[in-house]
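Colleague: Given two chains presented individually in distinct reference frames, assemble the corresponding complex, making use of the accompanying hints.
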Amino acid sequence: MKNNYLCKRWGYYMSLLVVVGSLTFIHYSVRATAISYWQDLAEVQVNGTITDEANNPLPGVSIAVQGTTRGTISDADGRYSLQVPTFESVLVFSYVGYKRKEVTTGSSSQTIDVQLEEDTGLLQELVVTGYSKQKRENLTGSVATVSAEKLTDVTTPNVGNLLQGKVSGVNVTQNTGRPGALPTIRIRGRNSINSSAEPLWVVDGVIVAGVPTLNPQDIASVSVLKDASAAALYGSRGANGVVVVTTKAGESGTSTVNVSARTGVSILTMGNFDVMNSNQLYDYYQGFGNPDAIPNWYTNDLLNTNTDWFKLGTQPALTQDYNLSFGGGNENMKVYMAGNYYNEEGTVKGYDYDRFTGRINLEYNVNSWLMLKPKIMASYTSVNDQQHELYDMYRNLPWDYPFNKEGQPINPYNPGVNWYSRDQNNYYYDLQWNYNTTSELQLMTNLDFQIDLTKDLSFISTNNVTYGNKDSLNYQDPRSISGEADQGRIANGENRRITRFTNQMLNYQKSFGNHQINALAAYEFNDYHYNNVFAQGKGVVPGTQVLNATSEAVQTQGTLNEYAFQSVLFNANYAFAERYSLQFSFRRDGASRFGLEKQYGNFYSIGGAWNIHNEAFFNASAFTYLRLKGSYGGLGNTPDAYYPQYETYRLDIMYNGRPAIFPNTLGNNNLTWEKTYETNLAIEAGLFDRLDIIVEAYNKNTTDLLHYVPLPDVSGFSGFWDNIGGVKNTGIEVSLGSDILKTDNLNWRLDVNLGANRNRITNLYEGSSQINGNKIIEVGENVDTWYLQQWVGVNPADGTPQWNIVDPETQEVTLTSNYAQATLQKVGNATPDFYGGINSLIQYKGISLSANFGFSKGAQVYNAARETYDSDGAYPTYNQMNLQDGWSRWKAPGDQATHPQLIYGGNSNSHKPSSRFLEDASYLRLRNVRLGYALPTALLSQLPVKNLDIYLSSDNLFTLTKFSGLDPEAAINGNTNTLYPMPRRFLVGLNFSF
Amino acid sequence: MAIFLLGIVACEVERYPYDSIVADKLDESGAGIEAATLGNYAMLKSWTDNWYRLVEYPGDNVALSGTTSDALFFNYNYQHIPNNYRVATYWQNSYQVIVGTNKIFDTFEEGVSEENDQLLGENYYLRAMTYFYLTNIFGRPYTQNPASLAVPLKLDADAKVFPERATVEAVYQQIEADLLKAETLMSSFKENVYASPEAAQALLSRVYLYMEDNQQALAYADKVLASTNVSLLPTETLASYPTIVPESNDETIFAIKFVKDADNLEWSSIGSMFANIQGVGWGEMYASQPYLDLVRQYPSDQRNGFIDPVYLLNDAGEKTLWALYVDNKYQYEWLPVEGAPGQYTYTDANGNIQKLGITMAADDTTYTIKLADNTRQEVELEYRMADRNGYPKYYITKCSGRKDRRSFGHRLFPGWQRCTSTVPKQMQS
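Chains as they are written, first to last, in our numbering: chain A, 52 to 1045; chain B, 126 to 554.
Next comes chain B alone, as it looks inside the complex (with noise of 0.2 Å):
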């Protein structure tokens, strides 16, 4: 029996996997720092997704249309619950990004070649950056209490060390570190759509503010703005920012790219929510009242260019009227207008063609209609609009390209993911 156990033993029945390459064939392979720095942009990616909606849908910019049976629900109302898979994936693809720029800082060493350094550079630049949304997600502010606890700072490649949380402190000292060693490491702004010496420049700026260094933030933004790399768009192109691609964008510092068909997001990208733009999107959530009255302000302000209300029109192909406010079950109502400008009518609760009040001032012209009790009811002019369970479709577009995409790409994949929520201009991720 040995015997004929011995003569099979000898056989190979190896195997080895195709869609990854195993750690030890890697340096045959000739992978190296470059392959796996892309790797952390990469894993970037669809990082961004749950990120956006953990920063914006808390905000008060955007309002569901009724529920929605994701879990991004219990992120729009507050209603935390424990087992919310997106701020889990959150937490999951940040420190994937953090462990896979720790392997390289133990791989690769500084000082081997300028090549090698801008690449350790940006890898330090995107662990900071994964940091800091860390600890202002599940910290507190700085300035608020340094010493409470943030997040673990994971800053080696051993899975088998899992750290405790750090203090908030601790944590924004890191990333102060890392991004100083970034900027010194850093040598070259290769395009926007890779971490530069500007981009470690602006979050330490921002780094500088949250901790209320001002004196510091200033001199980072200053160093931004004086950089002949990046500069702000005209005021009359920056309705259009979502349209333009990253690289042709002068105005974005860094930006996470998205290849238009290749990293095809469709209904899962963040856009999806805001829009429904030819058959594709969600399209369940749209600028909140707040917001409107906010940018609509001043009509200049070209962030009302970001929002694309969904106008429905007549038998004859027009656009009508209508007087739009939030009643007090904050529940849209509306009621139809017409006439002339100057002259509009309506017809009241009890069928009666009533005025339209008009209250002139300096800056803003108000409407008001009269209400069942008789009180006066401040109204929007608004023209119609398609409602989904009652709240009219106000698109928001800044987060899905264009809005006609066959010009150019493609609905609310639109080349990039491109939303900067409550982050500014020069943070665009």
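With the rest of the complex left out, here is chain A (with noise of 0.2 Å):
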């Protein structure tokens, strides 16, 4: 560890002195070149001062004389002066932020001072890329942000669902309704078949391990970098593209408090799913074909009993959202600081998420070269689960009911209970003691400063370490059935994880004349360490909580896993006189994933961006601004398992009390980066001061894709991580913005977002296809192909399923009713034709009314809980499904009908897995509406508040769809079984600051 650090110290020292050396000669050889423009003669002097709106000197704006090659730039304190011909001269002032300003000089020297407006236009606007901030204007790659305004709609404590449907290509699935849940976020496809394709997270520079805690009211904007030009600065972490937030910051010379609140109810909904009542159920055991084989139990007196599982396990749950935040400063000091409250009840009974965060960001101008940047994050989360069984919800019968006659729950394993559900489970009698909780607790602390070494040069740097612990517990009451064969038992599980950042990096920028550099070079190390114990204990008093009142230890475990990162990396963009710019990327990561053969990989991008909007010959009125844009770049993706280098031995197993080693994985010492090579197209237009659109295509290529290449079973291993084959990605994104009013009381803003990607592998071990679960691994189809036995309906002659056989040879078809003899094939993809999101904002005076909307089209989702819950009487004490809209049941012969005969004990396999229950799950779906008014400036100005506004939203109001699941969206990610169903939710806010 010692050596590390020392060695890492040295590392830093070594490329700081190299990299001020080499920007030095940067800088005055560029100073040179400057030089050499004003030494022509000059008949005329001008000299002033360059202010901006709040009067303050503006230094290096650059001042140019319009025709000619002078030219020069303001000091420190927006003083120029500048020799100019006697006739009449047009002087272009010109600065970063800033909207251009032309001048016409006279015929004598004089003084023109000038007052620059800053220009708050689209292109103008500073975008965050991660290790810079750039001017949209001047990107090359594929940067998409979201403001804060857009930010805060949806009511979640979650960044990534806040994402949802606000940025084209950048596809975010709500997996479920359970509070706190993580969305999958996925950004231009899938490129990896078995490692991570999440994508990599920044927050106010620091590279995070997974998804950070943010209160999202905190975050002042997101970046999502998608494409190779953008994320290649994250090298080998950014392959699955980088979202980057940044954190709220004060602003001098105000101060203000601000206060939100919202709270709503939140039920449950089921989309077209729908389990049958106690009629239904006695009806279609009335449908079997084989009554003779239905128990003795299925009687008339069934019908007594009509228990609505889910009316009793669910309720119109409570969400509550607080916020109070300062923010202001001074021209030294600049503070943000915030609390945030927020408590989520579960639609299913029995589950609280809770949590608290506060932040503290602070910035101190020290002297003028030294600033300070400590921030500080915390958060604890708590969450008590007590929850009602969805799975049981779903599959028991309506013939059960949890409770006897007294209101007490009923132990189904107790003789003499007629409990007819299968699994036998009335989970209202162990909840009646049983529980768990978890409480989390993060802290992020930053110690970042910034230096500036001379006006253009600047050393930044940002040191971070975060901190997670994470304690669960599990309680079982000695008198439930899951507690009684221990008397009771206790599961302790500790874990912690703790995560080091830091980066140092000189920052160059310069404008002179028409050139603006902006360059930086850095070096970064970033290491994990995650480790945990876990402990039972059993036999237990009734209500305590520790493993110490436990009479008999059971079990413990523990594990450790680290990593480590090691990265220099240099930047440099350049732009000239508003038209062109031009970017390169370097970085070199050094992984601990590994083996030392291949433990530095180097990526790279270049960029380009042509401004054509602002090119004397471009004359047409109609466009606002056109820009073109392209980029090159490589980047990288790492395995997830943490050491698939090593050929190890397992230590995590004994025999008979006594230590045991078995071989367990093969290693590979020649194990290196998975690489995706990305192009990427695109045009940017704005027309008419109303329509912004931007259409970008991209091909990412990946390559020495990281696979785990599975072996016969006969080598003793399941196989080993190795750099096989390749995965293409294309597609195409478009996002279109439009003022569709604008007048002074009335406002229309619409923008939708499309994302289009079509996924192909390229490449694979020794050409060979794998089978994993109910997809196929080729090449030349897409990563989720479904492969599968093809159904092709019922018999009408007998009303038994029917499945292809394909004879290899002749590939001939014949039909089967024996499952067992179908053939495997393709029969269909998961992934979407193309994804987007519709976002409308109407304001008439202060009253808004917003909408968000998020749809995916064409998404071949296989529906596994219909296996359970349609699975023609294989399952007769499961629950079953009621009959979709379009579907029919085979009765008698003849019968043209999309279900198979119902048979007690199942219809020859009917329900096992086929291309029956692939459907497809395309969706619209209505995010969020909300409706607001903010009282006007007159009646606020009465009182002691700055704004006002109130608002009532609901999230999930509807989603059309014909998928005949519980969530098309969770099932497009491969979630289709007992999954927690989104709840509907309707919110009343409000937010004031003064």
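Calculated from the structure, these hints are not laboratory results.
Hints are supplied without guarantee of correctness; some may be wrong.
To be verified - In silico DMTMM-like links for lysine to aspartate or glutamate, alpha-carbon gap of 25 Å or less:
(1) Lys170/B to Glu153/A
(2) Lys649/A to Asp174/B
(3) Lys285/B to Asp755/A
(4) Lys285/B to Glu698/A
(5) Lys454/B to Asp849/A
(6) Lys385/B to Asp755/A
(7) Lys285/B to Asp773/A
(8) Lys170/B to Glu629/A
(9) Lys150/B to Asp691/A
(10) Lys480/B to Glu463/B
(11) Lys454/B to Asp352/A
(12) Lys385/B to Asp703/A
(13) Lys285/B to Glu829/A
(14) Lys456/A to Asp144/B
(15) Lys285/B to Asp691/A
(16) Lys150/B to Glu648/A
(17) Lys454/B to Asp343/A
(18) Lys150/B to Asp773/A
(19) Lys150/B to Glu235/B
(20) Lys649/A to Asp149/B
What the hints assert, rightly or not - Here are the computed distance ranges between Cβ atoms for each label pair:
(21) Ser365/B to Asn357/A: 36 to 42 Å
(22) Ser602/A to Gly482/B: 52 to 58 Å
(23) Thr488/A to Leu305/B: 56 to 62 Å
(24) Ser365/B to Tyr442/A: 53 to 59 Å
All C-beta atoms in this analysis are idealised placements derived from N, C-alpha and C, irrespective of residue type, glycine included.
Modeller: Dropping the structure here:
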């Protein structure tokens, strides 16, 4: 450890030295060129001071004489002086972030003071690109941003959810309606088969492990780095895209306290999924073609019980979200401080998610060259989980009732209890006592500072330690069924995660004349340490919570994992005359997950952009702006396994209480990065000052795919990690934004984004294909290709299921009712044709109405739940789903039906996986709609507040889909079984500041 | 730039695993043949799970109360499906153990020390045993056609070598050779939870029996019986066989041991399918009627002790009688029976009280009732029982250790997996 530390420091000083040296060189050579500009003879002297709107002097403003190569730059006090020809010259004043200004000189020497206006137009917007900020005008890569205002519509504790439907090419799916659950995010499709497809998260310059815990209201902006040019600076970790989060900072000269509160009610939604009630199930049983097989308990008496398990187990649940923040400061000090409390009850009873977050962001100008930027974030999340069993709510029969006459829960295992549902589980019984709790503390501390070495060159140091601790407790009461045998059991786990991140960066920024240079070089180190301890004890006195109170230890476990990255990186942007931009970036990464042979990898990108609208020849007045950009670069991905390079023997086994070892992985010392080479082309246009269009096309070629190559079992191993094969993703993304109405009182902004991605495996290990669950991995096919028995419907003659047999030689197709004989075939894939979002905002005076829709078209999903709930009698003692519109049941010979005859015990394995259960999961979902009212200024002036607005909001109001399961969105992500559907939520909220 | 990069390359980002040990560092750690051999035993623990389900469920001794969503259903009902994970896992576990033993043969030489040879012998035994069950499950019986294909004979530890299926004969020859070698290499009987010369001899006896070399089968059985390390349990203790820890059970020649609490199987134990004991276990598969008929033929049959019917009590806390039979739809039917022995009555389909028919024979008494169609149906006189899906709960506790685990162990996780299926006691694994 110590060695490593020294080594790190040494590396850091070395890099610092070299970078300082090279940048100083650049600095002076550039200055030398600049000097030559004004060596021409001139007749008139012009001088003056350049200020901003607040009359502060603006240094570094470039002043050019139009039509000549002459120019200068304002000094530290905003002063300039320049020789110009006596005839009327046009001086052009330009500065990053400000509108250009042109002034015509007179015939004699004069003073021209200029005030520059801040440019707030789209192209002038500063975009956070990870290690730096850039004007959108100069961007060469694909970076999408979501501002704070757009981030806080949906009520959720997770940032990921807030990106849903707001960024083209970013597919966010929420898998469960359980409070606090994280969504899945895919940026521009899936590059990888076996290794992670999760994007990298960066918070205030710090690469975090996994998904960060953040209060959404602390976020100033989110940038999504989609292409190689944008993400290449994250090298080996950027292949799945990067989500860059910047938290809020105080503003100088203000002090604002902001209070926001919202609360609401969530209600479980079941989509098109509908399980049977007592009568429906009774009739279903009547349909069995083999009534002799039905057990004797099937009688009219069953109809006396009609339990709606969902009604019993769900509730209108309360959500509360309160936020208090302060932002402000003066010239030397800026403060942002905020506290948040978030609480959400589950719509499924018995689950309570509770979170406190706090943050302090400071910026302190110690003197003219040193700025300290410490940040602290803390969150404490606790979950009480005594949740009702969803699994049983779906499966239990309406003929079972969980309580006896006295209202006490029944134990189905008690002799004499008639319990018909097959799993014999009445969860109410154990829920009388048993529970889980988790609590998680997260601390993120940044000790960041910036030293301005010269006017143009600064040293930026980012240093972070993130600490996470999670404590889990599982309590099983001695009276409960699960705790009975042990006389109660307590399980306690402690998990700890520490990540360290440090980045030492030199940043050079220079504008002169028509030239703008922005360069950075940095050294970075990042490591991860996770360990846990888990212990169980049995024999407890009811009500205790700690292991000490157990009478006998049962099990102790503990593990530890680590990884480390070390990198150097370099990036340069050059812009000329606001017309052309060029970018180059390079990163060299070393990672602990690879063997010594291949520990380091290089990643780079180049990019360029052309602002056509700034060309003299371009005169189409319809265009507010028109840009072309393109980029190419390489990115990497690391395997999920921590130590895939090593041949190892496992130590976590024993025999007869004695330690044992067993070979478990083969190792691969030549294992290296999965590489993605991406080309991105984009056109951006603004039309009639109303319409913004961005069209992007990309081609991502992933090679050296990190793949867990399966071995035949006779090898004694399941497989090994290797770099094999490739995947190609191509896609197009369109963003349209329009100010449809723009009047004094009425405004309507509509944004539509659309992404389409095609995915194909280009190369695989020795060309072989691999069956992976219900999917196949094969060259030329989509990564998510379904490989199933092909369903060909019900035989009208006898109501049996039918599948295809394809003769491997002749390709001749025959039908069979024998499932085991049916041929596995490629029957579609799970990739949507396109997906995206629609965002609309209508404002009339103080009233606003916003809506956020998400949609996806054409994904084929395997509805695994139907194996159980649409089983044609295979699971007669699980509750079954009602037939959807358009479905029909075979009853008599000649029936053309979608569903086979009901047979008690199952009809020839009709419920086993086949293309029968593949469904189209296209959907359109209204994620959020919100009606707000902001108090008019006239009224506000009489109140001690700066602004006040109230709103009504609803999440997940409706979903249009034909999918027969609970949630098409979760299904696309592969989650179709007993999932927790997304609730519908109604909220009322209030914001005010003073 | 080049210098810039050089400055960095010297730094270390190496990290090593903690749950496992890197092969290169194995020697430094001191973990040798003993730990590696124990590793093979350890892997056999998970192997037992599917091995048992594959050999027992297709038999007639058990009856499943309805259907189950687990793939074991297809082992039970003969509807073989190509992607049965239980079969696949059994196959995979078997070859893991085989390669685990091969690795030891590649690494450690014979004749270095007595302890080493003993351990090598144990590994030869484990490999032979694994191949023996593999070939019996995936190949034809030896005597049917020794030239037919059985399973691949993997005899090295090279992960890139994938042998083709070998003949039944070749596999048997290998098993025989391994066992003979094991018998010579091993010199002591440590405990019956490790392989021993007796274990090798017992398995040899079985192998020869399957090869119909009865002379040799007899000879090796005699060797085992002559050993002082093992002996048959007295008859009266036999029913409590499952409740005795392996090391205290003289009849067990070789067992794969599960340590109480540390090897926590609970719901995934093989006994969990047979009973729900103190809230743990699926309890979905019961003793079948043919099996019950067989063991009940002689009340003194100690195997009756392995069956634990779940009786229901009336309000007075007493057991009540049933006339139980299987009807022509293969469903269990039952009627309450009242009265004293010899004067049993029941209520027929028309609501009339009838006397239970009795036929006394020398060794058995049979009872009959009259059905609605006036035919007579033989019935079993049984106490009223709990049922699942119309199947009376004849819990099998043979695989579950004690019925009351509070006295000692622990429900379905009895201290070790204990089930022999069709394998005789001597083969207890």
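Colleague: Could you run down the list of hints and mark each one as holding or not?
Modeller: Here is how each hint holds up against the structure:
Under the criterion of a C-alpha separation no larger than 25 Å, the hint pairing Lys170/B with Glu153/A is inconsistent with the structure, at around 84 Å. Of the pairs offered as hints, the one joining Lys649/A and Asp174/B is violated, with about 41 Å between alpha carbons and a cut-off of 25 Å exceeded. With a C-alpha separation of about 21 Å, the suggested pair Lys285/B and Asp755/A falls inside the 25 Å cut-off, and the hint holds. At most 25 Å may separate the alpha-carbon atoms for a hinted pair to count; Lys285/B and Glu698/A meet this at roughly 14 Å.
Proposed proximity of Lys454/B and Asp849/A is supported: the alpha carbons are some 22 Å apart, at most 25 Å. With a C-alpha separation of about 46 Å, the suggested pairing of Lys385/B with Asp755/A is violated against the 25 Å cut-off. With a CA separation close to 14 Å, the supplied pair Lys285/B and Asp773/A stays within the 25 Å bound. Note on Lys170/B and Glu629/A: the hinted pairing is violated, with a Cα-Cα distance of about 71 Å set against a maximum of 25 Å.
With a C-alpha separation of about 23 Å, the suggested pair Lys150/B and Asp691/A falls inside the 25 Å cut-off, and the hint holds. A threshold of 25 Å between alpha carbons decides the hint, and for Lys480/B with Glu463/B the separation of about 10 Å falls inside it, so the pair holds. In summary, the hint linking Lys454/B to Asp352/A is supported, as the alpha carbons are separated by about 23 Å, within the 25 Å threshold. A distance of roughly 17 Å separates the Cα atoms of Lys385/B and Asp703/A; the hinted pair therefore holds under the 25 Å criterion.
Between the alpha carbons of Lys285/B and Glu829/A the distance comes to roughly 22 Å, so the proposed pair stays at or under 25 Å and holds. Taking the CA atoms of Lys456/A and Asp144/B, the gap is about 53 Å. The hint is violated against a cut of 25 Å. For the proposed pair Lys285/B and Asp691/A, the alpha carbon gap of about 24 Å is at most 25 Å, so the pair holds. Taking the CA atoms of Lys150/B and Glu648/A, the gap is near 18 Å; set against the 25 Å cutoff, the hint holds.
A C-alpha spacing of about 6 Å is found between Lys454/B and Asp343/A, which places the hinted pair at or below 25 Å, so the restraint holds. At most 25 Å may separate the alpha-carbon atoms for a hinted pair to count; Lys150/B and Asp773/A meet this at roughly 22 Å. Annotation: proposed proximity of Lys150/B to Glu235/B holds, straight-line Cα distance about 23 Å (limit 25 Å). Distance restraint check for Lys649/A and Asp149/B: the Cα-Cα separation of roughly 18 Å lies within the 25 Å cut-off, and the hinted pair is therefore satisfied.
Against the hinted window of 36 to 42 Å, the Cβ-Cβ separation of Ser365/B and Asn357/A comes to about 48 Å, which falls outside the hint. Remark: the range hint 52 to 58 Å for Ser602/A to Gly482/B is upheld by a beta-carbon distance near 55 Å. At about 59 Å, the beta-carbon gap between Thr488/A and Leu305/B stays in the expected band of 56 to 62 Å. Taken as a hint, the range 53 to 59 Å is violated for the pair Ser365/B and Tyr442/A, whose Cβ atoms sit roughly 38 Å apart.
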